[in-house]
Structure formats: C-alpha cells, structure tokens
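Peer 1: Please construct the entire structure, taking both the sequences and the accompanying hints into account.
First to last, the protein sequences are chains V and R.
Mapping of the first sequence onto our numbering: residues 1 to 276, in sequence order.
Mapping of the second sequence onto our numbering: residues 1 to 281, in sequence order.
Among the clues, some could well be false.
Here are a few chain V residues that face chain R, going by a calculated C-beta distance under 7 Å [claimed, not checked]:
1) Glu7
2) Val23
3) Ala102
4) Thr103
5) Tyr105
6) Glu118
7) Leu124
8) Phe132
9) Ser142
10) Glu171
11) Val176
12) Val185
13) Gly203
14) Gln226
15) Phe233
Below, in silico cross-link-like pairs of lysine to aspartate or glutamate (EDC-like), each with a Cα-Cα straight-line distance of 20 Å or less [to be verified]:
16) Lys206/R with Glu247/R
17) Lys86/V with Glu110/V
18) Lys86/V with Asp45/V
19) Lys74/R with Asp63/R
20) Lys34/V with Asp8/V
21) Lys230/V with Glu258/R
22) Lys259/V with Glu258/R
23) Lys65/R with Asp8/V
24) Lys86/V with Glu35/V
25) Lys86/V with Asp128/V
26) Lys65/R with Glu7/V
27) Lys206/R with Glu230/R
Pulled a few chain R residues facing chain V out of the computed Cβ check, cut under 10 Å [to be verified]:
28) Leu58
29) Val60
30) Ile67
31) Pro71
32) Met75
33) Gly77
34) Thr91
35) Leu167
36) Ile270
Derived from the structure by calculation, the hints contain no laboratory data.
Note that the Cβ used here is the ideal one computed from N, Cα and C, for glycine as well.
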Amino acid sequence: MSYQHAEDNWFAAILIGFIALAVLVNIWRARRGKELYIRRIPGLDAIDEAIGRSTELGRPVTMIPGLTAFGVEAVQALTIFKYITKQIARFATPMRLLTANATVYAVAQEAIADAYNEAGRPDLYDPDSVRFLSSEQFAFASGVAGLMQRERVAANFMFGIFYAESLIFAETGNIVGAVQIAGTVSFTQVPFFVAACDYTIIGDEFYATSAYISREPVLLGSMVGQDLAKISFASMIVGGSLISTFLGTDHPIVQLLGKPQGWQPFVEWLSQMLGR
Amino acid sequence: MLFDTTQLVVALLWIAGAFALAIALIPLLGTLPPRGRFALISFVTFIAGLFFAAEFFLPVGEDNKNILTDPFQKMQGSLQVITALSLGLGTYGLVRMHLRNAIQRRPQWGYSLVLLVAFVVMAFFSVWNTMAEKGLFGLKRTPLLENAFTLLFDYTLIQLDATMFSLIAFYIFSAAYRAFRIRSIEASILMFTAMLVMIGIVPLGKLISDSIGLPAVQTAEMRTNPFMLENILYNLRLPQIASWIQETLNAPVQRAIEFGVGIGALAMAIRLWLSLERGIN
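Peer 2: Below is the structure:
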C-alpha cells in the first residue's frame with residue numbers, strides 16, 4: 001500500500017522522520033571525527049581486480065545502469081561508474097557505458113567526462129563511449145548483448161534497476177568470459193545475477209557502495225543511521241510478533257504496526273493508559 | 001480543431017521564454033566560481049526537495065489535497081517535459097555516432113547503416129501513422145501506410161521483442177545449470193530446495209504425494225491438532241512443502257531485502273537533498 005500524504009498513516013510518517021533523524025545525527029557524529037566501521041563487501045573489492053584484467057587483455061569494460069530511470073538509484077549507479085572510470089583512466093582501458101534512459105545518458109556523459117578530468121586524462125574521454133541505445137527494453141537488451149559479443153568485453157559492471165533483461169546481459173557476459181559484478185535493488189533479479197555473475201551486491205548494499213568506495217565520514221555516518229533504522233525495524237517485528245502471540249492481533253500496538261488505520265486506536269489506548 | 005489558437009500561442013510563448021531563460025542562465029552559471037555554483041545548485045536542490053517533502057507532510061482537506069498538491073502535480077508534468085527533451089538528446093547522440101561510423105567506414109559500419117535506415121523508416125511511418133490517426137494536415141490512413149505499419153511494427157518489432165524475451169528461457173536454463181551444480185553444501189541445499197519447489201508446484205508433486213498415500217485433505221480436526229500424525233503427513237505433501245518454502249522462507253527474506261532497500265533509498269535521498277552526496281557532482 002502506498003500513502004499519498006503523511007495524514008494517511010501518521011505512524012509511517014513518524015518512522016520516516018525517525019530514520020531521517022538517525023541518519024542526520026550519525027552524519028553529524030561522523031563529521032565531529034567519530035571513527036566508524038563498515039564491513040567488507042567482496043563485490044566492491046573485486047572492482048579493481050576486474051579492471052586490471054581488462055587492462056591486461058586490452059579489452060573494454062562495460063557499465064550498464066539497466067533500465068534505471070533518473071533518480072536515487074541512477075545517481076548511485078553513476079557514482080560507482082564514475083569511480084570505475086577514474087580507475088580505468090589511469091590505465092587507458094577502453095570503456096562503454098550503455099543506457100536505456102535518455103536523462104541518465106545526459107548525466108552520465110557529464111559524470112564520465114568529469115571522471116576523466118579528475119583522473120588527469122581528459123584526452124582519453126570519448127563521447128561515443130557513453131551510449132544511449134534504446135528506451136525499449138528488449139531493443140536495449142539486444143544492443144547490449146550485441147556490443148558485448150562484438151567487442152569481447154573483459155569486465156562487465158551492472159548497477160541499477162533491472163528487469164527481465166538482466167539475465168540476457170549476465171549470460172552474454174558469461175559467454176564472452178567477462179568478469180561480472182552486479183548490484184541491484186530489484187530483488188526479483190538477484191537470483192539471476194547470483195547464478196550468472198562473479199559477485200553480486202544485494203539490496204541495501206547497493207546504497208552502501210558510495211560510502212564503501214569513498215570512505216567519506218559523512219557517508220559512513222549515514223550507513224550507521226541506516227543500521228540503527230534496521231535494528232528498530234527488527235525490534236518492531238519481534239515485539240509485534242510477541243504481542244500478537246500473547247495479547248492477540250487486535251491489540252492496539254499490533255494494529256499500529258500492521259494496519260494503516262491503526263494510529264487512532266493506538267492513540268486512544270495510549271491516552272487511556274496514561275490517564276490511569 | 002485540435003488546439004485552441006490562443007492556448008497554442010500562450011504555450012509557444014512559454015516554451016520560447018523558457019528557452020531564452022535557459023540560454024541566458026547557462027553563461028551566467030559559467031561565470032560563477034565553482035564554490036558559488038555548488039552553493040546555487042545545493043540551494044535549488046534543497047528547495048525542490050523541501051517542496052516535495054512539504055507536500056507529503058502538510059495536512060490535507062476533505063478533497064485529499066493541501067496547498068501544494070496542485071503545484072506538485074504540475075511539477076511532475078514538468079519532469080515529463082525534461083524527460084522528453086533528454087530523449088531528443090539521447091536520440092541525437094545515437095544517430096550522430098552511427099552516422100559518423102557509416103561515413104568514416106569504421107569497423108562494422110554496416111551495422112550502423114542498418115540502424116540508421118531502420119531508424120528513419122520506423123520514424124517516418126510512425127509519425128505518418130500518428131498524424132493520420134489524429135487527422136493532422138489532412139493526412140489519412142492509406143493502404144500503403146497500413147501495410148507498412150503492420151509489417152514494421154506488428155510483424156517485425158513485436159516479433160523481435162518476443163524473440164529476445166524467449167531467449168531468456170534458454171539463458172535461465174544455462175544459468176540454473178551452473179548454479180545448481182553440486183560443488184558445495186550451499187549449492188546442494190539450493191538444488192534440493194529448487195527441486196522440491198519445482199516438483200511441488202506442478203501436478204507431478206500432487207501425483208507423487210497421492211501415490212505414496214499422504215492425506216490429500218486437511219480436516220478441521222487436523223487443523224486444531226497440529227501434532228496429529230495425519231496432519232504431519234499432510235504437511236509432508238510436496239505441494240505443501242513447496243508452498244511453505246515460498247511463503248515461510250522466501251517471502252520474509254524478500255521483505256527483509258525490501259526493508260533494507262527502502263531505508264537505503266531514504267538515506268540516499270536525504271544525502272542528495274542536503275547535497276551531502278558528492279558522487280557525481
């Protein structure tokens with residue numbers, strides 16, 4: 001169920017506020033110099049290895065943001081691609097960024113040009129290396145598969161939102177022997193990536209990527225905030241299960257946690273409890 | 001009359017005004033020092049984000065609207081305009097690259113030629129068809145248009161799309177073969193579970209369960225006594241096991257991933273809103 005306004009479910013709105021607060025407080029703590037730890041993500045450690053292999057073979061690297069429309073996921077995917085491009089620029093390895101979304105294409109061109117500039121190799125930037133192929137799902141899929149086959153890519157990075165075309169990309173990459181790293185928030189495509197890629201970054205690990213790559217305190221602080229939010233959700237699930245088991249599913253706390261209209265009965269119950 | 005003349009003139013004036021403003025702003029932005037440019041972009045991003053957040057949090061009236069709901073919908077329309085403009089940019093980039101390939105006879109320039117011809121032909125008939133459907137410039141659907149449109153879209157484009165989609169079946173097969181090869185304990189568990197689910201959800205699962213004499217129906221008495229032998233045997237039926245794996249093991253894991261994704265997206269959105277994320281800046 002989606003909510004159009006906060007008033008439709010105040011509890012959900014308060015939760016959003018809590019997560020935002022947890023993230024901001026931890027960013028503030030990180031800015032004040034608090035040491036923060038982020039666990040190892042093997043898929044991200046393997047990026048440099050895959051680039052090295054491409055460089056040795058002299059074959060291109062492909063980067064695919066999937067059918068991602070311009071939004072949070074696209075920004076994250078482009079952040080990762082920018083990091084990869086900076087590494088690529090150091091070794092003059094050829095790259096192709098293939099997109100199905102014209103807005104992502106426009107931003108990607110700037111991001112990739114910037115990456116070459118920041119790496120000190122603006123001469124290596126080829127505007128044709130960032131390509132908009134088609135906005136049609138399978139036309140895009142056939143375009144990507146064709147390019148991967150023709151150019152025999154050595155490394156393939158897929159980050160973003162993917163649908164049925166994911167397996168076409170991953171299996172084509174596998175056929176040409178590319179090292180493949182995928183990261184997606186589309187959980188229906190995760191099994192395909194796990195089966196066909198060397199490394200897969202699952203779910204919210206995708207959003208942790210920029211923090212992991214840059215090790216910037218602000219981003220690490222945000223990760224701690226996210227973890228606090230996850231712990232709160234887990235506690236609510238455990239608490240809700242226990243309350244519904246021992247006090248019944250009609251209990252106001254269970255209604256608050258599980259039903260959009262649960263706010264009112266909870267407020268009434270709470271005022272009753274406080275009034276006692 | 002498809003368009004009201006006054007509305008058309010006003011719309012054209014708006015478009016011309018927006019273009020003039022954009023053309024004037026670009027060099028102005030260029031003159032700003034990088035820090036000033038960043039501050040300006042951060043300010044605009046913050047105001048835009050605040051607008052969307054305020055629309056969500058402000059109380060609504062009986063019509064489920066607040067003071068920002070109507071401008072919010074107009075703003076979403078403007079996002080569509082930006083997408084449409086960037087589609088032109090994307091198409092321009094695609095055509096420019098393939099045109100250059102074909103003219104300079106770069107390696108595999110034949111593919112570029114095919115793309116350009118297909119692009120022009122498809123665009124021509126598609127535009128003609130749309131105009132004929134709307135009766136613009138007195139154009140009508142002729143037998144040539146109908147035949148060409150059917151040939152290009154129904155008999156070519158849709159079939160090519162279906163072909164690409166069908167390929168997935170073979171790719172699933174080859175990927176599943178690699179994933180299910182028994183190389184480790186995890187792969188063995190994966191294969192065994194997949195086999196149970198696959199057999200359980202097809203009629204074969206019911207057939208096997210029936211043939212070994214497992215109870216086919218769960219009675220009310222069995223429901224009230226979960227540890228009754230008959231109930232345990234009923235729950236060992238392959239369709240029951242398959243549905244338990246899907247609903248009790250698979251669904252919670254998917255929801256857990258969704259929770260994480262939701263929180264991650266929210267944190268990322270906050271970082272972008274407050275210009276703390278410097279990834280592609």
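Peer 1: Against this structure, judge whether each hint is valid.
Peer 2: Against the structure, the hints:
no.	hint	verdict
1	Glu7	holds, 5 Å
2	Val23	holds, 5 Å
3	Ala102	holds, 3 Å
4	Thr103	holds, 4 Å
5	Tyr105	holds, 5 Å
6	Glu118	violated, 11 Å
7	Leu124	violated, 17 Å
8	Phe132	holds, 3 Å
9	Ser142	holds, 5 Å
10	Glu171	holds, 4 Å
11	Val176	violated, 14 Å
12	Val185	holds, 5 Å
13	Gly203	holds, 4 Å
14	Gln226	holds, 5 Å
15	Phe233	holds, 5 Å
16	Lys206/R with Glu247/R	holds, 18 Å
17	Lys86/V with Glu110/V	holds, 13 Å
18	Lys86/V with Asp45/V	holds, 15 Å
19	Lys74/R with Asp63/R	holds, 17 Å
20	Lys34/V with Asp8/V	violated, 38 Å
21	Lys230/V with Glu258/R	holds, 11 Å
22	Lys259/V with Glu258/R	holds, 18 Å
23	Lys65/R with Asp8/V	holds, 12 Å
24	Lys86/V with Glu35/V	violated, 27 Å
25	Lys86/V with Asp128/V	holds, 17 Å
26	Lys65/R with Glu7/V	holds, 11 Å
27	Lys206/R with Glu230/R	holds, 17 Å
28	Leu58	holds, 8 Å
29	Val60	holds, 5 Å
30	Ile67	violated, 12 Å
31	Pro71	violated, 15 Å
32	Met75	violated, 15 Å
33	Gly77	violated, 15 Å
34	Thr91	holds, 7 Å
35	Leu167	holds, 6 Å
36	Ile270	holds, 5 Å
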